[in-house]
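J.: In case you want the letters, here they are:
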Amino acid sequence: MEQEILVLAESEIAEVSNQECECAQCTDCNCPDGDCCTDS
Amino acid sequence: MNIADQYMRVETCYTGEIDNYGYAFVPGSAKGVVLLDKRTKNLLDNLSSFHSGKDEQRLQLLLQNGLIRYCDTPPRSPALNKATIKSMSTWLHITNSCNLDCGYCYIVGKKDKQPMPLSVVKSYLDKLENTIRVHQLESVQIRIAGGEPTMQKKLVAYLAEEVRARFIEKGVRIQLILLTNGTLLNPWWIQLIKSHFMKLCISLDGMEEWHDLQRFFKNGLGSFGKVHQNINLCLEKGIKPNILTTITENNISGISQLGKYLIDSNLPFRLGVYRDNSGNFDGYESFIEKVLDALNDCYNYYACAIRERRATFNHQLADIHLNKRPHLRSCNIGYSGVTVDHTGNVFLCQAGMDRKPIGNLRDQSTLLQMAWSQETLPELREKNVLNYRNCHTCQWALACGGGCPIVNASVNGAADIASPYCKLIKTMIPRLIELKALQFIQKYVTLKNERR
Numbered sequence: 001m002e003q004e005i006l007v008l009a010e011s012e013i014a015e016v017s018n019q020e021c022e023c024a025q026c027t028d029c030n031c032p033d034g035d036c037c038t039d040s
Numbered sequence: 001m002n003i004a005d006q007y008m009r010v011e012t013c014y015t016g017e018i019d020n021y022g023y024a025f026v027p028g029s030a031k032g033v034v035l036l037d038k039r040t041k042n043l044l045d046n047l048s049s050f051h052s053g054k055d056e057q058r059l060q061l062l063l064q065n066g067l068i069r070y071c072d073t074p075p076r077s078p079a080l081n082k083a084t085i086k087s088m089s090t091w092l093h094i095t096n097s098c099n100l101d102c103g104y105c106y107i108v109g110k111k112d113k114q115p116m117p118l119s120v121v122k123s124y125l126d127k128l129e130n131t132i133r134v135h136q137l138e139s140v141q142i143r144i145a146g147g148e149p150t151m152q153k154k155l156v157a158y159l160a161e162e163v164r165a166r167f168i169e170k171g172v173r174i175q176l177i178l179l180t181n182g183t184l185l186n187p188w189w190i191q192l193i194k195s196h197f198m199k200l201c202i203s204l205d206g207m208e209e210w211h212d213l214q215r216f217f218k219n220g221l222g223s224f225g226k227v228h229q230n231i232n233l234c235l236e237k238g239i240k241p242n243i244l245t246t247i248t249e250n251n252i253s254g255i256s257q258l259g260k261y262l263i264d265s266n267l268p269f270r271l272g273v274y275r276d277n278s279g280n281f282d283g284y285e286s287f288i289e290k291v292l293d294a295l296n297d298c299y300n301y302y303a304c305a306i307r308e309r310r311a312t313f314n315h316q317l318a319d320i321h322l323n324k325r326p327h328l329r330s331c332n333i334g335y336s337g338v339t340v341d342h343t344g345n346v347f348l349c350q351a352g353m354d355r356k357p358i359g360n361l362r363d364q365s366t367l368l369q370m371a372w373s374q375e376t377l378p379e380l381r382e383k384n385v386l387n388y389r390n391c392h393t394c395q396w397a398l399a400c401g402g403g404c405p406i407v408n409a410s411v412n413g414a415a416d417i418a419s420p421y422c423k424l425i426k427t428m429i430p431r432l433i434e435l436k437a438l439q440f441i442q443k444y445v446t447l448k449n450e451r452r
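Protein chains in written order, with the numbering used here: chain G, 1 to 40; chain U, 1 to 452.
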């Protein structure tokens, strides 16, 4: 049987802004872009 | 001609397989980790395996997700653009004083016990207001640090109230972040943190004696008991602190145990590395080998905990960024971040306060203009990781940013040379991507089950 195609990017899954995000990176973000929310 | 011949895999694309899924990741891509079925993953690894009539949709999806590109279009080349900065951060060093006496502390002039006077806080807020207006900034992060900032209750409370009145109530997004050793946290601090939506970072370098070995009170007694108690207090009151750990030669053997505790507690944590070996590259290799052993142990445990849904991946290693933006620098110094000390002097970085200030709050320039014209590390004025020596061809450049410029400069003599931790970073990025992929698989499986 043909395998179901799966190509799913993280960015397609709902996110919160880094104001609410508790991830390690957002809590201590020091990247050049500042608002680096990412994982949620 | 095979239709796939017009495409090529994006040069920096990394692929892997875990738990019967494939995954791919392009550093700096807005897509993040991309989950793949195995056949699509194999096609990405070998485009010449394309089967006409079976793989057209796969090819299109790989293209849409930035994993392959047309051979005749040049690869994208991101650049830093000061004109587009909408967010900045300031490290506010409010005091040299601290109740601990950690061996690796970088603060100079510890005899100067004076906290930041309110007149300097006001000058800072005026300067920040001016900076926000001139550069039309939308958000600012203020890291409240020292020394130990929780020794300055009135000052921090005043700062938080002023920030609310002067900025937040007028629609500017300001995020306060308290960086503390955690020993003095109490219900008063919990209340302040909650009422101002502060983010909280607590330093914890190991369990029990491993922490006490490098973070002790002035009388020599270890601080672990107090810090651990206060982490629990925060959790009881609904605050989840981000744990900051510094790995050194001293506590390396305790890192695996600490990692397991943090994973079991489902606490976000960042691991940094520190070697007091300025100007000398020797010794990094053996230190890195020890760090790799400890991290591999931690990450194996993390993988099990994610699979068993006991933990969610919530971790940062050093300055590695696996989010959805290109990281042309490992941090924002000299671009969109400055440090302001308790006297009103402005510095390139908090770890460079022993160097000449790049300005003072009394100067006419905005904080960003001071960052841009700094002469502490002039190579940072124009350069980014894509033109650092040894970094420009690296697959991981946009996830690593070249490493800490201050460390690079102290070890290599210039900031625009690859980090002495390059091997550590290159070895661990694939492991971090794998953990992110595992987390993503859990999320995907949950969503799939919900839709059934």
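In case anyone wonders, no lab produced these hints; they're calculated from the structure.
Be aware that a few hints might be false.
[As the list claims (entries may be wrong)] Just the calculated beta-carbon pair ranges, DEER-fashion:
no.	chain 1	residue 1	chain 2	residue 2	range
1	U	Glu162	G	Ile13	53 to 61 Å
2	G	Ile5	U	Lys153	54 to 62 Å
3	G	Ile13	U	Leu235	21 to 29 Å
4	U	Lys82	G	Ile13	52 to 60 Å
5	U	Glu308	G	Ile5	23 to 31 Å
6	G	Ile5	U	Asp72	31 to 39 Å
7	U	Tyr158	G	Ile13	26 to 34 Å
8	U	Lys82	G	Gln3	26 to 34 Å
9	U	Asp293	G	Gln3	48 to 56 Å
10	U	Gln136	G	Gln3	46 to 54 Å
In this text the structure is predicted, and so the values were computed from the model without any measurement.
Using N, Cα and C, we set each Cβ at its ideal position, and we do this for glycine too.
J.: Next step is simple, just say for each hint if it's right about the structure.
T.: For each hint, the structure was consulted:
Glu162(U) and Ile13(G) have their C-beta atoms about 38 Å apart, which leaves the hinted 53 to 61 Å range violated. Checked against the hint of 54 to 62 Å, the pair Ile5(G) and Lys153(U) passes, with Cβ atoms roughly 58 Å apart. Our hint of 21 to 29 Å for Ile13(G) and Leu235(U) holds, since their Cβ atoms are close to 27 Å apart. In this structure, Lys82(U) and Ile13(G) break the distance hint of 52 to 60 Å, their C-beta atoms being roughly 32 Å apart.
For the hinted restraint 23 to 31 Å between Glu308(U) and Ile5(G), the CB-CB distance of approximately 29 Å keeps it satisfied. A C-beta distance of roughly 26 Å is found between Ile5(G) and Asp72(U), which places it outside the suggested range of 31 to 39 Å. The given range of 26 to 34 Å is broken by Tyr158(U) and Ile13(G), whose C-beta atoms sit roughly 41 Å from each other. Between Lys82(U) and Gln3(G) the beta carbon distance is about 48 Å. The supplied range of 26 to 34 Å is therefore violated.
Separation of Asp293(U) from Gln3(G) is about 38 Å and departs from the stated range, judged on CB atoms against 48 to 56 Å. Gln136(U) and Gln3(G) have their C-beta atoms about 50 Å apart, which keeps the hinted 46 to 54 Å range intact.
When the structure is compared with the earlier hints, violations turn up for hints 1, 4, 6, 7, 8 and 9 and for no others.
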